[in-house]
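Turn these sequences into a full structure, and let the hints steer you where they fit.
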Amino acid sequence: MSTPNGTPTKITQGSQTKGGIGESTLRPDGTLKVTGEFAYSSDMWHEDMLWGQILRSTVAHAEIVSIDTSEALALAGVYAVMTYDDLPTEVKNYGLEIQDTPVLAHGKVRHHGEPVAIVAADHPETARRAAAKIKVEYRELPVITDEASATAPDAILVHEGRDDHHVGHVPHPNIVHRQPIIRGDVAAARERADFVVEGEYTFGMQDQAFLGPESGLAVPEEDGGVHLYIATQWLHSDLRQIAPVLGLPERKVRMTLSGVGGAFGGREDLSMQIHACLLALRTGKPVKIVYNRFESFFGHVHRHPAKLYYEHGATKDGKLTHVKCRIVLDGGAYASASPAVVGNAASLGVGPYVVDDVDIEAIALYTNNPPCGAMRGFGAVQACFAYEAQMDKLADAVGVDRVEFRQLNAMEQGTIMPTGQPVDSPAPVAELLRRVKAMPLPPEQQWLSAGEEADVRQLPGGLSNTTHGEGVVRGVGYAVGIKNVGFSEGFDDYSTAKVRMEVIAGEPVATVHTAMAEVGQGGVTVHAQIARTELGVTQVTIHPADTQVGSAGSTSASRQTYVTGGAVKNSCELVREKVLEIGRRRFGSYHPAWATAELLLEGGKVVTDGGEVLADLVDVLEDESVEVEAEWRHRPTEAFDLRTGQGNGHVQYSFAAHRAVVEVDTELGLVKVIELACAQDVGKALNPLSVVGQIQGGTIQGLGVAVMEEIIVDPVTAKVRNPSFTDYLIPTILDTPTIPVDVLELADDHAPYGLRGVGEAPTLSSTPAVLAAIRNATGLELNRTPVRPEHLTGS
Amino acid sequence: MRVNFTVNGRPQEADDVWEGESLLYVLRERLGLPGSKNACEQGECGSCTVRLDGVPVCSCLVAAGQAEGRDVVTVEGLADFAKQRGEQGGCASGASGASGASGSCGTSLQDAQGWSAKGQDSQTGEGTELAPIQQAFIDAGAVQCGFCTPGLLVAADEMLERNPNPSDADIREALSGNLCRCTGYEKIMDAVRLAAARQGEAV
Amino acid sequence: MDFLRPASWEEALAAKAEHPTAVPIAGGTDVMVEINFDHRRPEYLLDLNRIGDLEEWEVGEESVRLGASVPYTKIMENLRGELPGLALASHTVASPQIRNRGGVGGNLGTASPAGDAHPALLAAGAEVEVESVRGSRLIPVDDFYTGVKRNALAPDELIRAVRIKKADGPQQYSKVGTRNAMVIAVCAFGLALHPETRTVRTGIGSAAPTPVRAKAAEEFLNAALEEGGFWDNGKIITPSVAKQFADLCSGACNPIDDVRGTASYRRHAVGVMARRTLTWTWESYRGTAGRTNKGSAA
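Chains as they are written, first to last, in our numbering: chain Y, 953 to 1747; chain D, -18 to 184; chain H, 607 to 904.
Some hints could be false.
With a cut-off of at most 20 Å between alpha-carbon atoms, the simulated SDA-like pairs for lysine to any residue come out as follows [claimed, not checked]: (1) 962(Y) - 1463(Y); (2) 1671(Y) - 864(H); (3) 1085(Y) - 647(H); (4) 1085(Y) - 646(H); (5) 771(H) - 687(H); (6) 680(H) - 34(D); (7) 1085(Y) - 649(H); (8) 680(H) - 143(D); (9) 849(H) - 1746(Y); (10) 1671(Y) - 1201(Y); (11) 1044(Y) - 1018(Y); (12) 1085(Y) - 771(H); (13) 1087(Y) - 644(H); (14) 849(H) - 1422(Y); (15) 680(H) - 35(D); (16) 962(Y) - 109(D).
Now the stretches of chain H that chain Y is said to cover, found in silico as 3 or more residues with beta-carbon under 8 Å [what the hints assert, rightly or not]: (17) 642 to 651; (18) 741 to 749; (19) 832 to 846; (20) 867 to 875; (21) 879 to 888.
Listed below are several chain Y residues computed to face chain H (Cβ distance under 7 Å; list not exhaustive) [stated by the list, open to error]: (22) 1415; (23) 1620; (24) 1743; (25) 1747.
Quick caveat, the hints were computed from the structure, so don't treat them as lab data. As the structure is a computational prediction, the values presented were derived from the model and not from experiment. Heads up, the beta-carbon is just placed ideally off N, CA and C, and yes, glycines get one too.
Take a look at the structure:
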């Protein structure tokens, strides 16, 4: 078939400066994005294309008695209706780690909104009408909604006959995975403690709420295969899950990354990918599927809600003695990333502190709640909310300033983690806290600064005009967190980069081709910068990401600049070697430096490390092009021991600290965050502008789950009660404060350019900092997030 | 049904429009103008913001038939729209208002650029003429995934037309109907301040 | 679905008479969401955008005749003096984009208890001007809301305008939402002082099946103000009077628990808003500035 409208094209970006790493070069896709020309997956269009629609379960847990598609099929304009029975092969499930998720429900639905049937029709309205005509009879089953109902002796099993590799070590089949971390002797340490504080904390279910809903276009190919244009976080992981269900070899499923409207973990799992391909192959026509916002709330996994039980002890001179905790994550109906979330929650469960005696248990449940999986900072976010509340409590018990107490116990390079792993690169936890604390506080009562009348836009309640200053109390809170960077626990976490260098129109040009999913983070900007730095060119072409090149791993775990950036750097270095070989071959006899000196590529020339120019790249290359495709890996990690949690499980840690300043209308329970200052160590800022953008964006996602964001699941029916942007609220520009950012660059010698993954750490400490500030303003204990007005008014 | 209206200065005709279709759907799926984004279809995110007879509206909440005979500007036409306004002196009269001189609100060009890394350029789409607000969004790093960007640009451009020297609170109020999930809005604030300052400088 | 495009009010009435199930659409805020999400497939959509009269208003001696489709933005910009409560309420509606298209007619037609305009209309005193081919009638706004998302319109009637009493004293409006902009009310409260009649009127939103007035609270306050000679002496209202007024406003609520808030929070918040808006309006009536919290920053 022909190429659809919206097919991504190569983007060439030049630079008048060196445009290398460390500069705030601008996005190569910026112009396309501000003119509306950048094609997102929902913008794809193909002549003669059909629209796909998914019929989803209206109940959370039920046996499917019957499905009748006859009326839907009879509707004019309908080309296909498919159910489980129409799946072409024996592979009918998919999943990131455990293949437990049915492509279409088989015999049973396990959560509200599970896909049951799919339709292709000539207009979205026709497809909707057809889906509405499919008759599904359900026999409802009791719902499993929490730890008690999941692990009761007579509990219905969410998944009968599990045979995944976790089932052998979990205490109940409704537990996906369990990871203990045991180090030292907590009982003995407790004896040494002068102060012990306990707490039970609840973390609500957060949604990624990326603005571009799930969508894609599947185009059948002449060879019997399919070409999928898709917004995802990891093309090759999708491919590995899609191809077997279609019964096609991977080479016959071509995937091209379309524009991605944000991700934040929500595109790590498949959504409509297989459905669109199935319909395209069935009808022989291109099929586009675009979720609306309602469906998007059912179409991707959410952040795990959690219950966290903590006990912290300290001596009277303020040293932590021990931490004992139990973290219960609700994974919902399917496993998704739950095992990795458990691993992170457990291994990072005490936070960035020195504690020798630790007893941690983290589990994820199978329930009939919405499936939960990856979201920015997973596992670590929930734990940070709880341990930072505990640190404040304990500081108060000891009678030490809260920031000082953290600094007194802060980890540093050389600290041994509860997993036994030494921290082998800078860990400036105390310094980050010092920096956020040292920033000047915003002036009081800014709402009066504009003129005679109170400016309600600067007060809690905002435009709703609920206070002119009455009841408003300011509070300040601090928090710091630790996040692992990259895929952990022995995962083979590699990326591939293909780099070519050639002369085009009299100028040397580098082309970078990876399968990295650009989801907005700016990876494409950084790749061009790396190529300029390593190859001395100004013109860099970024090839669209697709599966014609090896895997770049996932755009998650703060790993892309580190790992795919590392791969681009590595491939550039290999290209450089080849270019120099050509140079030596052609010009080596003209100058001894070709043989003796360390040679660099700079400003389009081959130069010695002393700066002497040996040749123009244009002359070296002439009409030759040099291309390298190579994989690159970070240092290997190990699995955590299943009984003790010991193991060098992580490759790198990332740290951020926040200070939140809030104003709370204590009578109405409304909160205005005035300022959310952040200090973060990024190792090396490859693009300072993008780094700050990541920190600010992550900070606000943390603010959202502190004061407003929560998917509310009915505890009786396990149905989602607020699947819309009317009732799932994310912060507006009137809810967000100024976000001063202090960036530290302490190199990690193990990482490319010394960089440290940036994206997630700011999402961790933001939430507990806001909560601490609200506690400071109100004097309330507040063990749950998000905080709702009724929690603050006691009504 | 058939719907006729003007989009970005050009007469457009859409045929076989289902009566329940929104203006957003017609723009995106029938007129080949997918710049306006569909992110919520319930007026809660502003990604589909267009100007309807000059007024910023959510195009997802305008029934296609309601656009009959009317004038629509989308992000695809924003650069031309801003250029014409400039030629007609539309913003110049506003920008020369007295409030600009007092410095009581708004940000000077120097301040607005204070945060910005110097010596950079983007040649992508070279030759594409951009509205000042579009250039400012690129320069300030206000674009990440970019899905909210078209709607924000239309809303911000209209605000600067009405209020060339906005305070921070004014910017926040004017853009409070546009959700962004990537940036935390700080760089969007920077971008609007920058565009306002450049606009003031140009007068 | 059919799309009806009357070019005049008379054509609109005729169309509505012929197709009583036709759903009027103006700003589209409610109707388009229902269509976009497949919650509603009306047989006919009746577009009112072409009827220019509906976007006009007239300021009379006693009242403002506000066309049903006058956008909230226009109310905020042009009628702050005459309709201060409604102007404040308009400012809390959704987003700038929605305020540019939505009008009071839509709020009344949908008759959601969460509609932002209702408490202001109830407090100011208003009549809804409705019309059909059979004729025109004025429905007092107090009688207009008949149930959750139900109103007093006959199937062939359309809302033409709202006649709202011009403010003869200070008015205030507050709304609680869990976000600082673009939020549906958890609950809302409107208060209008009417010095000419020496009465106060209230309106409560999102805290009962319909928008309601807190009549017992009004009667209590009317009596207390009269008794103490407050209208004449302009004294500060005593905290005990304000508290009792607030409690009675809370008592007028009949709220539910839902995803936006709990019933008890709604009762509590209405009380707080009642007390604060009473303070603001009364301070304003006494001729002092509205600022209640002069801080050191001044």
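Exercise for the section: Measure nothing beyond the straight line between the CA atoms of residue 849(H) and residue 1422(Y); if it is 20 Å or shorter, mark the hint as holding. Expected result: Given pair residue 849(H), residue 1422(Y) holds - Cα atoms ~15 Å apart, limit 20 Å.
Handout entry: Within 8 Å of chain Y (C-beta), three or more residues of the stretch 642 to 651 of chain H
Key = holds (count 3)
Problem - 20 Å limit on alpha-carbon distance, applied to hinted pair residue 1671(Y) and residue 864(H) - result: Roughly 14 Å separates the two Cα atoms, so the pair holds.
Exercise for the section: Examine the stretch 832 to 846 of chain H for residues whose CB is less than 8 Å from any CB of chain Y, and state whether their number is three or more. Expected result: violated (count 0)
Exercise for the section: Starting from residue 1671(Y), check that the Cα of residue 1201(Y) is at most 20 Å away, please. Expected result: violated (38 Å)
Handout entry: Hinted pair residue 1085(Y) and residue 647(H), Cα distance within 20 Å
Key = holds (15 Å)
Problem - Evaluation of the interface hint that places residue 1747(Y) against chain H, nearest CB under 7 Å - result: holds (4 Å)
Exercise for the section: Would you settle whether the hint for residue 1620(Y) is holds or violated, based on the nearest Cβ-Cβ distance to chain H being less than 7 Å? Expected result: holds (5 Å)
Practice task
Quick one: see if chain Y covers the stretch 867 to 875 of chain H, three-plus residues with Cβ-Cβ under 8 Å.
Solution key: That given contact holds, which follows from 7 residues of the stretch 867 to 875 of chain H lying within Cβ reach (below 8 Å) of chain Y.
Handout entry: Holds or violated: residue 771(H) to residue 687(H), with C-alpha atoms at most 20 Å apart
Key = holds (12 Å)
Exercise for the section: Given that the stretch 879 to 888 of chain H was listed as covered by chain Y, double-check it with a C-beta distance under 8 Å for 3 or more residues. Expected result: holds (count 4)
Practice task
Measure nothing beyond the straight line between the CA atoms of residue 1044(Y) and residue 1018(Y); if it is 20 Å or shorter, mark the hint as holding.
Solution key: holds (19 Å)
The structure shown violates the earlier hints numbered 10, 12, 18, 19 and 24.
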